[in-house]
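Residue strings, one per chain:
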Amino acid sequence: MATVFMKWLETSPKDYDRGIQLLTLGKLQHVKERIVRDYIREGTRVLEIGCGTGTLTAMMAAQGASVTGIDASPAMLAEAEAKLGPDIEAGRVTLKLMDATLVGDRFPKASFDVIVSTLVFSELSPDEQRFVLEACTTLLAPGGRLLIADEVVPPRSLTRLVFYLVRLPLVLLTWLLTRTTTSALRDFDSLLAQSGYRSAVPVSCLSGSLVLYEAALSQTPGTEFQSPIPKLRHRVTLRTLLVDLWALFFRIIPPYPKFKTGLYAIGNPDRKSPVLVTGNFDLTVRRVVKALDGRADIWLLVADSAGINVWCAAGGGYFTAEKVIAAVQSSRLDEVVAHHALILPQLCANGVDGWRVREETGWGVHWGPARAADIPAYLAAKRKKTDAMRWVRFPLKDRLEMVTVTLGFYGLLILLPVFIFWRSMFWPVTVSMVGLSYFYAVVHPWLPGRDGLRKSVPLTLIALAGLFIYTALRDPLPAERLFNWVVGLTALSVFTGAELQGMSPVMRGEQANWGWEAVIGAALGLVYWLTPLALGWR
Amino acid sequence: MGSEPGLMDTLAEHWEIAKKLRSLQIHFDPEKCKGVWQCYEVCPIGCWTPDYERRVAIFHDPEKCVACGACVLQCPEDAIELK
Ligand code: SF4
Ligand code: SF4
Chain A
160 MATVFMKWLE TSPKDYDRGI QLLTLGKLQH VKERIVRDYI REGTRVLEIG CGTGTLTAMM
220 AAQGASVTGI DASPAMLAEA EAKLGPDIEA GRVTLKLMDA TLVGDRFPKA SFDVIVSTLV
280 FSELSPDEQR FVLEACTTLL APGGRLLIAD EVVPPRSLTR LVFYLVRLPL VLLTWLLTRT
340 TTSALRDFDS LLAQSGYRSA VPVSCLSGSL VLYEAALSQT PGTEFQSPIP KLRHRVTLRT
400 LLVDLWALFF RIIPPYPKFK TGLYAIGNPD RKSPVLVTGN FDLTVRRVVK ALDGRADIWL
460 LVADSAGINV WCAAGGGYFT AEKVIAAVQS SRLDEVVAHH ALILPQLCAN GVDGWRVREE
520 TGWGVHWGPA RAADIPAYLA AKRKKTDAMR WVRFPLKDRL EMVTVTLGFY GLLILLPVFI
580 FWRSMFWPVT VSMVGLSYFY AVVHPWLPGR DGLRKSVPLT LIALAGLFIY TALRDPLPAE
640 RLFNWVVGLT ALSVFTGAEL QGMSPVMRGE QANWGWEAVI GAALGLVYWL TPLALGWR
Chain B
987 MGSEPGLMDT LAEHWEIAKK LRSLQIHFDP EKCKGVWQCY EVCPIGCWTP DYERRVAIFH
1047 DPEKCVACGA CVLQCPEDAI ELK
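For the protein sequence lines, the chains are A and B, in the order given. Using my numbering, the letters of the first sequence map in sequence onto residues 160 to 697. Using my numbering, the letters of the second sequence map in sequence onto residues 987 to 1069.
Hints should not be assumed to be uniformly reliable.
What the simulated footprint calls covered on chain B by chain A, stretch by stretch (three residues with Cβ under 8 Å from a Cβ of chain A suffice, anywhere in the stretch; the number is not a length) [stated by the list, open to error]:
{"no.": "1", "segment": "1030 to 1038"}
{"no.": "2", "segment": "1058 to 1067"}
Example chain B residues on the side facing chain A (calculated, C-beta under 10 Å, incomplete) [stated by the list, open to error]:
{"no.": "3", "residue": "K1018"}
{"no.": "4", "residue": "Y1026"}
{"no.": "5", "residue": "C1054"}
Note that these hints are calculated values from the structure, not bench results. On a predicted model such as this, the values are computed, not experimentally measured, just so you know. A virtual CB, placed ideally from N, CA and C, is assigned to each residue, including glycine.
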């Protein structure tokens, strides 16, 4: 609920404390008291990132800490200076005007026992969050703690729903008023883990939407908050059914269903069990689990692929060696297995540089099979891949699925306007589109042409032949209407051929098609417009 | 708005990339190849076959290559290029 107030508060520091009090229902004050009580002692060296008007700064100084506060807003800082005058004079508090992203360069290494930040990280972009977190790793003294109190998207679905229901109108309003928007932290635990921290959540309020993270460097001995490695089982629930249904039609539309990154167990793996790596697309993880549950005991390391399937994520630069390295480094793999062999999905080889992973982590990289279903056989054969496991074909089932996925998206895009503005043509267009798409999916391998755009030529010819035969035998049309149908079907066939096979990299140069489609579309438009003029129909 | 690249520029840029993507081809230098078979391991199409005797990879089926770039990235000898 903080969004509108937050933007308004940033420009009026005098009311800041009262406003924050109001919009977190007093809970933030409670969190601050916990911070002071549990982590601040006489002489604790504290860095406060985003000190605002200095409320927490004053509380910590009163406890005997020596606090360095930074803030990027001069107005806030002026307010804090007025409030903290005596503490500054006594040398207990130092205030600096500074952006959070600069902390790494401006302070000596290992110079703080506690780094604390309230309601700042949610205002940073994910990249900035990662950057600041990494900078903080060098600033923390041995045994030091990073404390972050912030708004988060609640992890449980029901509270999340309530959260969004309350938040959505406010976000909209803020955007209308200020053209900016704020966001609550999401998946912050995995970000902490990736940046080299072990974290726990000692305080959680407002049904999990305001929390305090306590984080310590994961290399530091004796500061571990270890939870058992979670086990994944193959389960079909209402949620997975709904996600699958959504993905079947609208897979291309973000937000993509994400799986939490980290290390998981499938079956009962031990120190010799293989380690598989995969991306964090929800469907991908569940497919791997389904293929392996009950058939093998393995460790599954889910790395951040931005919630996209590994092949597309690797091709698009979302799934890289860095992501795999980060996942390996931040996991507890070293503790749970005795070997050093990673099995990566073969299909991420177009983006994840295996040699970089080998160099940076010291782990060996093996390219597993292309499909999850082949993993048990691959493992049983002692990591020997047959050519069939290596090769990606585009079998009928995949083609039908692909066509359905793309139809879901383009169907909305094309059929909705047709339905609204051109209702009489809705059914003919729908039937042609769906019919052509599935026909294309079935005959795809037999159509000549290397890629979709070239395959669209025979497809067009077949469609037109069909049209002529139908009209000649069943339903003769006047020349004018026949002409319209020819133009329309040609356009639809080109579009179907070029687009409906989806974004799969198997179909080379998919991104390259739209340009030609635009040219062909423009040419068809011209023909549609000029021919009747030339023939005197209009 | 004035300093932003115009719509036409953006489109032209896209068009260039699109053209380039369509014309990408594998260029393989067998001289550099040391026969570690990474290309064979990762190619999803089966464009590469190891020649175990001569310890060199054989590139065939250029027509089928989907230009995914996997072999280029994984070849430790920089024997493969996509351009
Ligand atoms: S990966 Fe490179 S060096 Fe290895 S076999 Fe293929 S072309 Fe030769
Ligand atoms: S670019 Fe991809 S499809 Fe082409 S040869 Fe290399 S791995 Fe095979």
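Hint check results:
1. 1030 to 1038: With 3 residues close enough to chain A, the hint holds.
2. 1058 to 1067: Contact hint for the segment 1058 to 1067 of chain B vs chain A: holds, 3 residues under 8 Å.
3. K1018: violated (15 Å)
4. Y1026: Since chain A brings a Cβ to about 8 Å from Y1026(B), closer than 10 Å, the hint holds.
5. C1054: holds (4 Å)
Hint violations for this structure: number 3 only, all remaining hints satisfied.
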